[in-house]
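Sequences are here, hints too, so could you generate the full structure?
Here the sequence shown stands for residues 1 to 72, numbered as in my numbering.
In case anyone wonders, no lab produced these hints; they're calculated from the structure.
Think of the CB as a built atom: it goes at the ideal place given N, C-alpha and C, for glycine as much as any other residue.
One or more hints might be untrue.
[To be verified] Label pairs and their calculated CB-CB ranges:
#1 Leu-36 - Asn-6: 44 to 54 Å
#2 Val-11 - Asp-49: 40 to 50 Å
#3 Ala-37 - Ser-8: 19 to 29 Å
#4 Val-11 - Glu-35: 15 to 25 Å
#5 Glu-35 - Lys-14: 27 to 37 Å
#6 Ala-50 - Asn-29: 36 to 46 Å
#7 Gly-18 - Ile-61: 27 to 37 Å
#8 Lys-14 - Glu-51: 30 to 40 Å
#9 Leu-59 - Tyr-16: 30 to 40 Å
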Amino acid sequence: NSTQKNVSGSVKLKLYKGGMIVVGRKSNNSLYNPELATFEREAVYNQKDAEGFINLFGLPIKAEAILRGVKK
Numbered sequence: 001n002s003t004q005k006n007v008s009g010s011v012k013l014k015l016y017k018g019g020m021i022v023v024g025r026k027s028n029n030s031l032y033n034p035e036l037a038t039f040e041r042e043a044v045y046n047q048k049d050a051e052g053f054i055n056l057f058g059l060p061i062k063a064e065a066i067l068r069g070v071k072k
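This is the structure we're talking about:
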């Protein structure tokens, strides 16, 4: 029951032909901080972290290539 206690705010949607696009959102409890949303500051994000993510994210593609006998 307490997982949603900080969920509040509003969302602005654009509806068109059965589709929906989020065009805005606002919350006093937002975790987004523009000072932290950067890939340039080492204190916030270490560029070396991307290598591990890319390797893990690409693992299914590598496994399929091995199973199909595709060469690099």
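Check your understanding: Which of the numbered hints above does this structure break?
Key -> 1, 2, 6
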